[in-house]
Amino acid sequence: MRDKRLTFKKRLHILKHHYRGKKLAPAFNAFHTFLFSPNETTHSGAHVRAVDDLKRTMNTVIMALIPVLLFSMFNAGYQHYAAIDAASGTPRELSVWGNFLTWENFWIGITEVLPLVIVSYGVGLLIEFIFAVIKGHEVEEGYLVTGMLVPLIVPIDTPLWMLAVAVAFGVVIGKEVFGGTGMNILNPALTIRAFLFFAYPTWMSGDKVWVHQAVERAGTPDAISGETILGYLAQNRADEYAYSISDMFFGFIPGSVGETSTFLILLGGLFLIFSKIASWRIMLSAVIGALVMGLIFNGAVDAGWITESSNFYGLMSFEFWKHLIVGGLAFGIVYMATDPVTGAQTNRGKWFYGFFIGFISVMIRVFNPAYPEGVFLAILLMNVFAPTIDHYVVRGNIRRRMKRLKTATIHPKTTDEQAGKLKVETV
Amino acid sequence: MALLSKKDSNLILDPLADNNPITIQVLGICSALAITAELNASIVMALSVIFVLGLGNVVISLMRNIIPSKIRIIVQLVVVATLVIIVDQVLKAFAYELSKTLAVFVGLIITNCIIMGRFEAFALGNGPWRSFLDGIGNAAGYGLILIIVGFFRELLGSGTLLGFPVLGDPIAKTGLYAIGYENNGFMLLSPMALIVVGIIIWVQRTRNPALVEEN
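Chains as they are written, first to last, in the working numbering: chain A, 2 to 428; chain B, 4 to 218.
Just to be clear, a hint being listed does not mean it is correct.
Label pairs and their in silico Cβ distance ranges [what the hints assert, rightly or not]: (1) T221(A) with V93(B): 49 to 55 Å; (2) E185(B) with K136(A): 50 to 56 Å; (3) I135(A) with V93(B): 46 to 52 Å.
Cβ-to-Cβ under 8 Å is the rule here; a few derived chain A residues that face chain B [as the list claims (entries may be wrong)]: (4) Y82; (5) I85; (6) F179; (7) W322.
If you are wondering where the hints come from, they were derived from the structure by calculation, not from laboratory data. Keep in mind it's a predicted model, so treat the numbers as computed, not measured. Note that the Cβ used here is the ideal one computed from N, Cα and C, for glycine as well.
Looking at chain A on its own, in the form it has when it is part of the complex (with noise of 0.2 Å):
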């Protein structure tokens, strides 16, 4: 009796040899290697450079998100208690195990983050599905890690339209037309951001959209709100948020979803290095960028070049290190900025993308006047040059390289004649 029953893996492989060579394999197959560990590695893509199967790359930086989910879960709920509880007059003192971990914090965060997961997921691999069955091939792993970041990176109260909308736009527009996982130019999950950002500016700028609800309660006596650290810089109200240093580096302060806690992305961008799946030059470089901006805006105060008439007043004269714990920077640099697909690939060309990441990322937060925050546009931006960066990184090693050749191999003891042969073969 017992070897008659099918387990639920063989009967998934069974369909898959049913299905072989029809039009709706490859949704069969990516459900089967979805689920179950495929015994063949990923053996085409120009994004590969190891000999690991993709979903291992794919399933560690979801790992590494994971602490970040569920920390997003109880901080939305948090922040949407205090904020009321702030709006009555009195702000409640934060204590990690006895009003942080709680239920109700996490019940507001399951039933506001999980469906912006669900969404995500769902349209994503929806359109990955279509256009795998459409061109003929299997369905590429690409869209895993994306569909994780998309949901981190909004605020809180996105409609799920809107998200599903700028999912189709970005998974379409951004990676599909270029031919797919590993021929993408943007990175599609800031690709999707950047949609939003754009389409529906009131719903992901301003003052109420980082805090559950507080959209919903504007104008109303229980009006709370929903500013964010950077928000209250850009405005000059730096002395108006209560929030502590070690708030903003465990991230108990408002901002997108799963941005805000610096530890959190902290160890998973460790585990990210450790584990080999993301470039720590990548990282360090774009400390160091924001680092250096920072310093310089910070000079620019100490010189009293910058008043506190200034409308950049606020933002200049933040502490620089502050930077790299409010916002999104921290995330964008572990998780956005080390894509493998749309970074810089050379290791020299690593460093100067992710210094200028980091450089541009601050100097968008302090002068853009719309939206103090600036780290997607700076990613995306640095996406568009990687490919420059390394095409000189690479003619650079070249020419060093002959040169090298030619000191080598044109010493004394060679005739004119043979290394004028070298000189033309060289050339």
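With chain A fixed as given, assemble chain B onto it according to the hints.
Okay, now just chain B, sitting in the frame of chain A:
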């Protein structure tokens, strides 16, 4: 087609689809991106270009045997500039608001690659009647894309068509807006026009694989 021979009717029909100036030749893109946020601006622009290119082709064709080839570009510019100024003045006189929307782009019809391209490629070598048909056809092909892009950009970006609110009132929350729909602000920005043109090219090439170049 009793009125036109097969060859002549192709002069008009080809540029509408398989030899479209925008989607196949990729000419005249700048004005297609700049003025298509509203449908009526697209329509007026399309009519202006039909007028300029149709008449311009006839004039150049009539003069084709007396234009010294060394100064032909200057002659072409004089002809197109004259026609564009007529269009510009008419718009200013009868549709002032619209001419402000179109702003500099009416004047820039002079530099529209499609117009100089047809003068050079067709009118200088063909008779007036065929040149006229070719001019009308190419301008209509250009206008067709403008109107398609303008239709989607105005509908999705502002929720209106030709200024009429077709999706309801976004402020009073009627129609679609009552269930939470919102206008897509990205549609009003030029990058989205490029993406819409790109999607039209995509659809066109999927329907007719003969248009796809070999790599």
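Structure-based check of each hint:
1. At roughly 53 Å, the beta carbons of T221(A) and V93(B) sit within the given window of 49 to 55 Å.
2. E185(B) and K136(A) have their C-beta atoms about 33 Å apart, which leaves the hinted 50 to 56 Å range violated.
3. For the hinted restraint 46 to 52 Å between I135(A) and V93(B), the CB-CB distance of approximately 48 Å keeps it satisfied.
4. Look at Y82(A): its Cβ only gets to about 25 Å from chain B, farther than 8 Å, so that hint breaks.
5. Among the interface hints, the one on I85(A) is violated; its C-beta lies about 24 Å from the nearest C-beta in chain B, farther than the 8 Å criterion.
6. For the restraint placing F179(A) at the interface with chain B, the shortest Cβ-Cβ distance is roughly 12 Å, beyond the 8 Å limit, so the hint is violated.
7. At a threshold of 8 Å, the smallest CB-CB gap from W322(A) to chain B is about 35 Å, leaving the interface hint violated.
In summary, the numbered hints that this structure violates are 2, 4, 5, 6, 7.
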